[in-house]
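> Here's the letter readout for the chains.
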Amino acid sequence: MRFFEGLKVVDLTQVWIGPMMTRILRDLGANVIKIERTDTPDQVRSGFLAGNNASGDFWNNRSQYFAARNAGKRAMQLDLRSEQGREILMQLLEDADILAENFTPGAIRRMGLGYEDLKERFPRLVYVSMSGYGQEGPLAHRKAVGMSMEPSAGAVAVTGYPGDDPLKTGQTWVDHYAGLQACAAVITALIYRQRSGRGQYVDISMQEATIPTLGRHLADYLLNGRVKVGGDGNRRPGMVRGAYPCEGDDNYVAISARDEEQWIALCGVLGSDEWREDPRFASADARWANHDALDELIAAWTSSRDKFEVAELLQAAGVAAGAVLQAPEVLADPQLAARGFWDQLELTGWGEVPVQRYFSPHIDGESFGARGRGPHLGEHTDELLRELGASDEEIAELREAGAVVGHPVALDNDFARDAVTMRLDPYIELGSVLRVDEDFRERVARGAG
Amino acid sequence: MRFFEGLKVIDLTQVWIGPMMTRILRDLGANVIKIERTDTPDQVRSGFLAGNNASGDFWNNRSQYFAARNAGKRAMQLDLRSEQGREILMQLLKDADLLAENFTPGAIRRMGLGYDDLKERFPRLVYVSMSGYGQYGPIAHRKAVGMSMEPASGAVAVTGYPGDDPLKTGQTWVDHYAGLHACAGVITALIYRQRTGRGQHVDVSMQEATIPTLGRHLADYLLNGRIKVGGDGNRRPGMVRGAYPCEGDDDYVAISARDEAQWIALCGVLGSDEWREDPRFASADARWANHDALDELIAEWTSSRDKFEVAELLQAAGVAAGAVLQAPEVLADPQLAARGFWDQLELTGWGDVPVQHYFSPHIDGESFGARGRAPQLGEHTDELLRELGASEKEIAELRDSGAVVGHPEVLDNDLARDALTMRLEPYIELGSVLRIDEDFRERVARGAG
Numbered sequence: 001m002r003f004f005e006g007l008k009v010v011d012l013t014q015v016w017i018g019p020m021m022t023r024i025l026r027d028l029g030a031n032v033i034k035i036e037r038t039d040t041p042d043q044v045r046s047g048f049l050a051g052n053n054a055s056g057d058f059w060n061n062r063s064q065y066f067a068a069r070n071a072g073k074r075a076m077q078l079d080l081r082s083e084q085g086r087e088i089l090m091q092l093l094e095d096a097d098i099l100a101e102n103f104t105p106g107a108i109r110r111m112g113l114g115y116e117d118l119k120e121r122f123p124r125l126v127y128v129s130m131s132g133y134g135q136e137g138p139l140a141h142r143k144a145v146g147m148s149m150e151p152s153a154g155a156v157a158v159t160g161y162p163g164d165d166p167l168k169t170g171q172t173w174v175d176h177y178a179g180l181q182a183c184a185a186v187i188t189a190l191i192y193r194q195r196s197g198r199g200q201y202v203d204i205s206m207q208e209a210t211i212p213t214l215g216r217h218l219a220d221y222l223l224n225g226r227v228k229v230g231g232d233g234n235r236r237p238g239m240v241r242g243a244y245p246c247e248g249d250d251n252y253v254a255i256s257a258r259d260e261e262q263w264i265a266l267c268g269v270l271g272s273d274e275w276r277e278d279p280r281f282a283s284a285d286a287r288w289a290n291h292d293a294l295d296e297l298i299a300a301w302t303s304s305r306d307k308f309e310v311a312e313l314l315q316a317a318g319v320a321a322g323a324v325l326q327a328p329e330v331l332a333d334p335q336l337a338a339r340g341f342w343d344q345l346e347l348t349g350w351g352e353v354p355v356q357r358y359f360s361p362h363i364d365g366e367s368f369g370a371r372g373r374g375p376h377l378g379e380h381t382d383e384l385l386r387e388l389g390a391s392d393e394e395i396a397e398l399r400e401a402g403a404v405v406g407h408p409v410a411l412d413n414d415f416a417r418d419a420v421t422m423r424l425d426p427y428i429e430l431g432s433v434l435r436v437d438e439d440f441r442e443r444v445a446r447g448a449g
Numbered sequence: 001m002r003f004f005e006g007l008k009v010i011d012l013t014q015v016w017i018g019p020m021m022t023r024i025l026r027d028l029g030a031n032v033i034k035i036e037r038t039d040t041p042d043q044v045r046s047g048f049l050a051g052n053n054a055s056g057d058f059w060n061n062r063s064q065y066f067a068a069r070n071a072g073k074r075a076m077q078l079d080l081r082s083e084q085g086r087e088i089l090m091q092l093l094k095d096a097d098l099l100a101e102n103f104t105p106g107a108i109r110r111m112g113l114g115y116d117d118l119k120e121r122f123p124r125l126v127y128v129s130m131s132g133y134g135q136y137g138p139i140a141h142r143k144a145v146g147m148s149m150e151p152a153s154g155a156v157a158v159t160g161y162p163g164d165d166p167l168k169t170g171q172t173w174v175d176h177y178a179g180l181h182a183c184a185g186v187i188t189a190l191i192y193r194q195r196t197g198r199g200q201h202v203d204v205s206m207q208e209a210t211i212p213t214l215g216r217h218l219a220d221y222l223l224n225g226r227i228k229v230g231g232d233g234n235r236r237p238g239m240v241r242g243a244y245p246c247e248g249d250d251d252y253v254a255i256s257a258r259d260e261a262q263w264i265a266l267c268g269v270l271g272s273d274e275w276r277e278d279p280r281f282a283s284a285d286a287r288w289a290n291h292d293a294l295d296e297l298i299a300e301w302t303s304s305r306d307k308f309e310v311a312e313l314l315q316a317a318g319v320a321a322g323a324v325l326q327a328p329e330v331l332a333d334p335q336l337a338a339r340g341f342w343d344q345l346e347l348t349g350w351g352d353v354p355v356q357h358y359f360s361p362h363i364d365g366e367s368f369g370a371r372g373r374a375p376q377l378g379e380h381t382d383e384l385l386r387e388l389g390a391s392e393k394e395i396a397e398l399r400d401s402g403a404v405v406g407h408p409e410v411l412d413n414d415l416a417r418d419a420l421t422m423r424l425e426p427y428i429e430l431g432s433v434l435r436i437d438e439d440f441r442e443r444v445a446r447g448a449g
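Chains A and B, in that order, are what the protein sequence lines are. Position one of the first sequence corresponds to residue 1 (my numbering), numbered consecutively onward. Position one of the second sequence corresponds to residue 1 (my numbering), numbered consecutively onward.
If you are wondering where the hints come from, they were derived from the structure by calculation, not from laboratory data. Backbone N, C-alpha and C fix where the C-beta goes; we use that ideal spot for every residue, glycine too. Misleading hints may appear alongside valid ones.
From the derived model, a few chain A residues whose C-beta atoms are all more than 12 Å from chain B [stated by the list, open to error]:
id: 1; residue: Leu7
id: 2; residue: Asp39
id: 3; residue: Ser55
id: 4; residue: Asp79
id: 5; residue: Gly137
id: 6; residue: Asp165
id: 7; residue: Asp203
id: 8; residue: His217
id: 9; residue: Asp250
id: 10; residue: Arg276
id: 11; residue: Trp301
id: 12; residue: Arg386
Looking from chain A toward chain B, a few residues come up when the C-beta cut is under 10 Å (computed) [what the hints assert, rightly or not]:
id: 13; residue: Val128
id: 14; residue: Val156
id: 15; residue: Arg198
id: 16; residue: Val202
id: 17; residue: Arg357
id: 18; residue: His380
Derived, one-sided and incomplete: chain A residues facing chain B with beta-carbon distance under 7 Å [claimed, not checked]:
id: 19; residue: Thr169
id: 20; residue: Tyr221
id: 21; residue: Val229
id: 22; residue: Arg305
id: 23; residue: Phe308
id: 24; residue: Pro426
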């Protein structure tokens, strides 16, 4: 028995930060029971559907988004507004160790299910709330999505190009970063409970979690009073840094030579002695002043070469460099393969897809993948009710009353089907889709196999 | 006694991921002993110096970078290549719970201090190694810096503008995110040790930690075969999204209206009925096709208004929005102030500066700040040797032999001083410095006070 076997988690979360956090606990062995409301199931069940196909029961583990964040959990629906539904929740909490929620602050208290409402009845319960700005304070009530959270951490002000508009980053990191903080906090609270017997309330603010990523921009203001708006592109004073085109369509290699030694190594690989003798590049200052000219020379060298080869050559010479990986290359990455990073999980009606690991540490050589596919909506309702001691007759009554099974009205109509099918055209119009691989299913199977 | 009081951590890490992780353990109560080598102290001691001034003993807690990541730790230097130095390390490990290191994979094994070298002698020791790509695999040996790590997780390929070069994000998030994985990994291993008495080796790869942030880009390839290179700027199909100029120099508000209800709310605040009746904006598709025109209208409305007011108005109407915060505004943020996010920590010879919390969860209403300022180089050497039972005479001998005190030769020379003073001009040439607040020290004191 390792790590969290025996730990029981009642999971009221949806979308991203919460499900990702409870999935980590599940991967480490916990018994995670995902509760979805009878009126509105986890809305992520409709994101990135297999085959981009919203016909049929598309909410039943056909979403890559849902599958990745909910792998291995058991699911039931509960009407938390009905007496019967709430009573079942209380029964589930009787021997639970953790309750997780990520409603907008205040919502769960209005349902009478806040920590204050439960802590006397369940004194050993660790209760974790995750939100954009924390549970109290002047902005606690705000809507929190990536496009509003990143500016709150100052990150949007420092990404992009000088003189240009601020830019959101392309990936989704705020939920991840705060979710990991939640994970560390919950485990910390469990350690404390082991000693004291006392449950705890954990309150996570995405804003607070992400501020430290500001790093040098904050330090520069604190010590020098400099205020920046707009990013530095890929450049950084004192260094030779950039993303350079390589052979093939839209292939790039990122290079960062941070000091004289690495500059000399870079010259050794790319520029021979010529660059070192060029007065335009004779010092860090000179290279900075002539970065455009230098970039042209670097690009002229890289553009006829393979991005992986360039990265390997530079790394061998002691210069930090990396091929800019596109999604299929991330899947086929030999390092990730060697470390067993991908799990193959079933998407209903589609087959298996590789799913990334959310808990990355390897412990004593063991890594921690998913414990099964994502659950269908309400899939384990009967099983869980039986575990609570309900008879078949009682289960039938609860179903009849609508306390444990809803109908996904929010999803099951033509309008929703239309809306959840992901449209390709806008991305093509935007110009950010490089290509569509017709053989991607074979590539996916090969790459992450 | 809460959380990690009584936990002893031997910290061989430097720079970012490691020190940040051990600082979290320190903030939660652990006894963290930072070991620096006698030849090369933590190189971050020279980053972002108070007053931008590298004269004098600038390596003694005058760096904001160092101060933030090493707050509250005790420091000693050890010559790990000498018999005596290694013997002291062994004595320190006798009752230690955790050893943390972030050398390039292989380096610590070559020093004879790998997990396999120590686990028999210290069977209860949890040992955590943090690196770019993990401890084994074909590219485990690679140099790992932000500019090479972000492409390895695919993040650089999805930030920026369509048709433009890939772009590194402006903030530093890879170390932070992987550091939290390390933190969760270590606490998990400690829980296991509580049950079994067995130490563990925790192996953290920054690449693995960060892949999940690819989110939709990975999902889109897995299910639809679409490959993207270059970001979508601030746009996202189906939504009205962007960063819009507001009153003042380089002030922006980020807005994200994701569905019909939020579009109607946006019109209510900004555009009244006119926009709703405009056929160019009659549907999500139409708005997408005419996003440029819509952006102009939105910008026209926002540009004469205060960014905080616009964000508040939109949030009140149910639209996710946020002022794009610049560093001084992050410091003065009322939400962070209400939640007690900043500690005031002394930088030697400068005064107090605000330092962010690295562990953001609030547990039972308690938040976890720094436990004191960062240590001077070797500050606690004598104290720690005395705790190991060394006599004054033995301490003097160890100092004489150079086993416990080095001289920061690598730092203490004119060239280093020159290099460390951060130059303003390159950033101004780049065009990304908006202004320098002459009164920033008062603003800093006021903002985060």
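> All the hints need checking, so say for each whether the structure fits it.
Now for the hints, and whether the structure bears them out:
1. Leu7: violated, 10 Å
2. Asp39: It holds; A/Asp39 is separated from chain B by about 17 Å at its closest Cβ, greater than 12 Å.
3. Ser55: holds, 15 Å
4. Asp79: Holds: least Cβ distance 24 Å, greater than 12 Å.
5. Gly137: The assertion about A/Gly137 is violated, with a minimum of 4 Å to chain B.
6. Asp165: violated, 5 Å
7. Asp203: With a cut-off of 12 Å, A/Asp203 comes too close to chain B, as the shortest Cβ separation is near 4 Å.
8. His217: violated, 6 Å
9. Asp250: Violated, because the least Cβ-Cβ distance between A/Asp250 and chain B comes to about 4 Å, which does not exceed 12 Å.
10. Arg276: holds, 19 Å
11. Trp301: holds, 16 Å
12. Arg386: holds, 30 Å
13. Val128: Cβ of A/Val128 sits 8 Å from chain B, so the hint holds.
14. Val156: At 5 Å from the nearest chain B Cβ, A/Val156 passes the 10 Å test, so the hint holds.
15. Arg198: Holds: closest Cβ of chain B sits about 9 Å from A/Arg198, inside 10 Å.
16. Val202: Where the cut-off is 10 Å and the nearest Cβ of chain B is about 5 Å from A/Val202, the hint holds.
17. Arg357: Hint holds; A/Arg357 Cβ to chain B Cβ min 7 Å, cut 10 Å.
18. His380: At 25 Å from the nearest chain B Cβ, A/His380 fails the 10 Å test, so the hint is violated.
19. Thr169: holds, 4 Å
20. Tyr221: This hint holds: A/Tyr221 lies near chain B, its Cβ roughly 4 Å from the closest one there, short of 7 Å.
21. Val229: With Cβ-Cβ at 4 Å, under 7 Å, it holds.
22. Arg305: Violated: closest Cβ of chain B sits about 16 Å from A/Arg305, beyond 7 Å.
23. Phe308: With a minimum Cβ separation of about 10 Å from chain B (threshold 7 Å), the hint on A/Phe308 is violated.
24. Pro426: holds, 4 Å
Hints 1, 5, 6, 7, 8, 9, 18, 22 and 23, counting from the list given before, are not met by this structure.
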